[in-house]
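Same order as they appear, the protein sequences are chains A and B.
Under numbering that gives the first Met the number 0, the first residue of the first sequence carries the number 0, and numbering increases by one thereafter.
Under numbering that gives the first Met the number 0, the first residue of the second sequence carries the number 0, and numbering increases by one thereafter.
Worth flagging that the hints you see were computed from the coordinates, not collected in a lab.
Errors might be hidden in some of the hints.
Said to hold, decoys possible - Beyond 12 Å from chain B on every Cβ pair, some chain A residues (computed):
(1) Asp16
(2) Leu26
(3) Ser58
(4) His101
(5) Glu179
(6) Thr207
(7) Glu216
(8) Cys220
(9) His234
(10) Ala326
Said to hold, decoys possible - Restraint-style ranges between C-beta atoms, simulated for each label pair:
(11) B:Ser268 - A:Ser41: 38 to 48 Å
(12) A:Asp322 - B:Asp146: 53 to 63 Å
(13) A:Asp322 - B:Gly30: 20 to 30 Å
Every residue gets a Cβ at the ideal spot worked out from N, C-alpha and C, and that includes glycine.
There are 2 protein chains.
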Amino acid sequence: MSNATYDVLGIGNAIVDVLASAEDHFLARHGLAKGAMQLIDSDEAERLYLAMGAGVEASGGSAANTIAGVASLGGKTAFVGKVKRDQLGEIFAHDVRALGVHFDTPMADDGPPTARCLILVTPDAQRTMNTYLGACVTLGPSDVSPDLVRAAKVTYLEGYLWDPPAAKEAFRAASRIAHEASREVALTLSDAFCVDRYRAEFRDLVATSIDLLFANENEICSLYEVDTFDEALQHLRGGRALAALTRSEKGSVIVSGDDVHVIDPAPASKLVDTTGAGDQYAAGFLYGYTHGYDLPSCGRLGGVAAAEVISHYGARPATSLRDLARANGFPR
Amino acid sequence: MSNATYDVLGIGNAIVDVLASAEDHFLARHGLAKGAMQLIDSDEAERLYLAMGAGVEASGGSAANTIAGVASLGGKTAFVGKVKRDQLGEIFAHDVRALGVHFDTPMADDGPPTARCLILVTPDAQRTMNTYLGACVTLGPSDVSPDLVRAAKVTYLEGYLWDPPAAKEAFRAASRIAHEASREVALTLSDAFCVDRYRAEFRDLVATSIDLLFANENEICSLYEVDTFDEALQHLRGGRALAALTRSEKGSVIVSGDDVHVIDPAPASKLVDTTGAGDQYAAGFLYGYTHGYDLPSCGRLGGVAAAEVISHYGARPATSLRDLARANGFPR
Chain A
0 MSNATYDVLG
10 IGNAIVDVLA
20 SAEDHFLARH
30 GLAKGAMQLI
40 DSDEAERLYL
50 AMGAGVEASG
60 GSAANTIAGV
70 ASLGGKTAFV
80 GKVKRDQLGE
90 IFAHDVRALG
100 VHFDTPMADD
110 GPPTARCLIL
120 VTPDAQRTMN
130 TYLGACVTLG
140 PSDVSPDLVR
150 AAKVTYLEGY
160 LWDPPAAKEA
170 FRAASRIAHE
180 ASREVALTLS
190 DAFCVDRYRA
200 EFRDLVATSI
210 DLLFANENEI
220 CSLYEVDTFD
230 EALQHLRGGR
240 ALAALTRSEK
250 GSVIVSGDDV
260 HVIDPAPASK
270 LVDTTGAGDQ
280 YAAGFLYGYT
290 HGYDLPSCGR
300 LGGVAAAEVI
310 SHYGARPATS
320 LRDLARANGF
330 PR
Chain B
0 MSNATYDVLG
10 IGNAIVDVLA
20 SAEDHFLARH
30 GLAKGAMQLI
40 DSDEAERLYL
50 AMGAGVEASG
60 GSAANTIAGV
70 ASLGGKTAFV
80 GKVKRDQLGE
90 IFAHDVRALG
100 VHFDTPMADD
110 GPPTARCLIL
120 VTPDAQRTMN
130 TYLGACVTLG
140 PSDVSPDLVR
150 AAKVTYLEGY
160 LWDPPAAKEA
170 FRAASRIAHE
180 ASREVALTLS
190 DAFCVDRYRA
200 EFRDLVATSI
210 DLLFANENEI
220 CSLYEVDTFD
230 EALQHLRGGR
240 ALAALTRSEK
250 GSVIVSGDDV
260 HVIDPAPASK
270 LVDTTGAGDQ
280 YAAGFLYGYT
290 HGYDLPSCGR
300 LGGVAAAEVI
310 SHYGARPATS
320 LRDLARANGF
330 PR
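Work out the full structure: start from the sequences and follow the hints.
Structure, rendered in structure tokens:
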């Protein structure tokens with residue numbers, strides 16, 4: 000993985016999060032499945048926003064959060080995603096660039112506004128996400144620069160890209176270019192409901208063209224339609240993809256060929272908001288992976304990054320992950 | 000103070016905050032006076048935003064923060080302030096209404112965008128504010144509904160209203176209407192540099208038409224051009240205005256006629272970001288004041304609200320101040 004300008008290139012939906020506290024009965028009243036991500040249209044977004052409490056806005060998007068985490072660890076990163084040239088789009092672009100991430104996807108000058116995700120955080124620290132895709136639906140293959148893909152050790156793609164119609168073509172194009180350049184392709188399954196929507200395609204991807212797979216327990220069980228994590232593991236063992244599977248407070252499990260590594264969770268100082276936990280696990284793992292760490296160390300660094308992000312409101316690190324990694328003995 | 004629909008009506012600049020961490024050398028390099036508020040134009044705002052780190056956006060504005068705090072305590076509130084009909088304006092309007100605050104100032108359909116304040120939080124938890132006034136410059140007397148002013152026990156005005164040219168006329172109009180209806184008028188001096196810009200006018204206001212004055216130590220010393228807090232006190236004693244003066248970790252002092260009440264600070268769990276401390280002190284004080292608390296209790300409730308807001312990032316309460324007040328034995 001030498002001669003790469005970037006450690007990780009992320010491609011994903013470019014979203015601004017709107018985070019607000021909510022009680023369980025609010026979710027029930029609005030028919031929202033706790034812990035999941037559901038897509039909403041512009042009318043639903045307006046209705047839900049009107050009903051929810053005062054919020055805090057921050058740049059989000061699953062792959063973008065991961066890239067922010069890799070950048071915070073000191074990795075060299077780039078991101079591809081579509082915003083509109085509006086105030087939220089300017090915020091998204093500013094925030095990702097302020098982290099040193101290369102970001103030059105052209106902003107849309109017309110069409111729907113920048114995407115937003117209305118995130119309701121319940122007292123149990125669970126986040127329930129409601130995404131209005133907005134300008135993300137205009138991301139297409141022409142937004143993926145082949146040179147950018149070739150310049151990255153790993154191209155990291157989010158399963159959510161299957162939701163906006165043209166983005167999956169961008170996904171496929173990036174994957175092809177990466178492999179032609181002997182680069183690696185990583186995928187996060189994103190969400191169990193997302194897996195449910197695109198199960199056949201995701202299974203095919205994992206079997207044929209993904210080098211590195213990220214998923215949590217629900218997502219991987221949904222992918223293989225099994226009831227237990229152990230059954231899911233059997234589907235992955237001996238497969239093409241290296242898989243890093245997160246299990247919340249149980250830590251993570253890495254499957255590499257026939258090998259299975261069980262990784263303890265990092266101690267979490269407190270649990271405030273789980274938004275971004277999976278994204279930051281992927282960030283730590285990818286930083287380690289692109290810097291030659293052994294697999295258990297990749298998983299442990301993922302755990303350290305995830306523990307940071309769940310200790311506060313919001314999906315991106317609130318402190319330097321590089322300093323935090325050093326304080327936790329990385330590199331080791 | 001009976002027969003009032005609202006406990007407090009706030010009139011102020013309607014601003015969305017952009018909060019980011021910064022090191023001291025960043026302030027030095029950009030010539031920013033730590034702890035102060037400076038006005039910046041659109042070009043400076045763009046330049047500073049480009050240079051600063053990734054941010055978090057949240058509704059702000061001094062008087063609006065205070066009104067949010069009074070609402071969080073369970074008070075009946077209204078707010079007058081000007082945003083543009085753009086994404087940040089929608090966020091501001093949503094957030095203030097989500098708290099139950101009556102807000103119906105017409106949004107500007109053209110002209111400059113919604114105001115924003117670029118807030119740099121240094122590791123010592125100090126905040127340095129850089130305000131682009133945007134649409135606030137179009138607030139004028141016609142935005143102040145006489146019925147709204149008459150319906151509020153206290154009309155609370157921020158000194159920052161002296162910055163946008165037409166807003167001071169709105170301020171004067173509101174003050175006149177309130178007094179004609181035998182209501183009270185409160186003023187916060189906002190910022191020592193703001194006092195410096197409008198000292199003569201503020202002194203005149205305090206001497207002739209303000210019933211309730213909020214200021215911190217720097218601001219009140221600047222108002223009377225004295226070096227010590229005790230000298231400032233002498234200027235206030237026996238005056239028209241009841242004064243509530245905040246002194247950071249030294250608590251607050253209330254001057255009522257010839258009486259001086261010294262109020263201990265509330266214990267602060269931690270100090271993360273001082274943004275909004277003065278605003279929330281005013282919120283607690285005003286809630287108590289409009290609910291018949293004795294003056295020391297007003298000051299103590301102000302201290303409780305201020306202690307909450309400095310324990311986290313952002314200028315508005317992150318938890319229910321009503322619950323917090325109860326936990327601290329209010330009402331007493």
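Results for each hint:
1. With 12 Å as the threshold on Cβ separation, the claim that A:Asp16 sits away from chain B is violated: the shortest Cβ distance comes to roughly 10 Å.
2. Once the 12 Å rule is applied to beta carbons, A:Leu26 is consistent with being away from chain B; the minimum gap is 17 Å.
3. Its closest Cβ contact with chain B, about 7 Å, brings A:Ser58 to no more than 12 Å, contrary to its assignment away from the interface.
4. The beta carbon of A:His101 is kept farther than 12 Å from every beta carbon of chain B, the shortest such distance being approximately 15 Å.
5. Chain B leaves A:Glu179 outside its interface by the beta-carbon criterion, the shortest separation being 34 Å against a cut-off of 12 Å.
6. Non-interface status of A:Thr207 relative to chain B is upheld: no Cβ of that chain comes within 12 Å, the nearest being about 37 Å off.
7. Listed as a non-interface residue, A:Glu216 keeps its Cβ farther than 12 Å from every Cβ of chain B; the least gap is roughly 30 Å.
8. Every Cβ of chain B is farther than 12 Å from the Cβ of A:Cys220; the closest lies at roughly 34 Å, confirming the non-interface assignment.
9. No Cβ of chain B approaches the Cβ of A:His234 within 12 Å, the least distance being about 38 Å, so the stated non-interface status holds.
10. At roughly 16 Å, the least C-beta separation between A:Ala326 and chain B is larger than 12 Å, which holds for a residue marked as non-interface.
11. Roughly 41 Å separates the CB atoms of B:Ser268 and A:Ser41, a value that falls within the hinted 38 to 48 Å.
12. Distance hint for A:Asp322 and B:Asp146: a CB-CB separation of about 55 Å, consistent with the stated range 53 to 63 Å.
13. Separated by about 28 Å at the C-beta atoms, A:Asp322 and B:Gly30 satisfy the suggested range of 20 to 30 Å.
The structure does not agree with the numbered hints 1, 3 stated previously, though it agrees with the rest.
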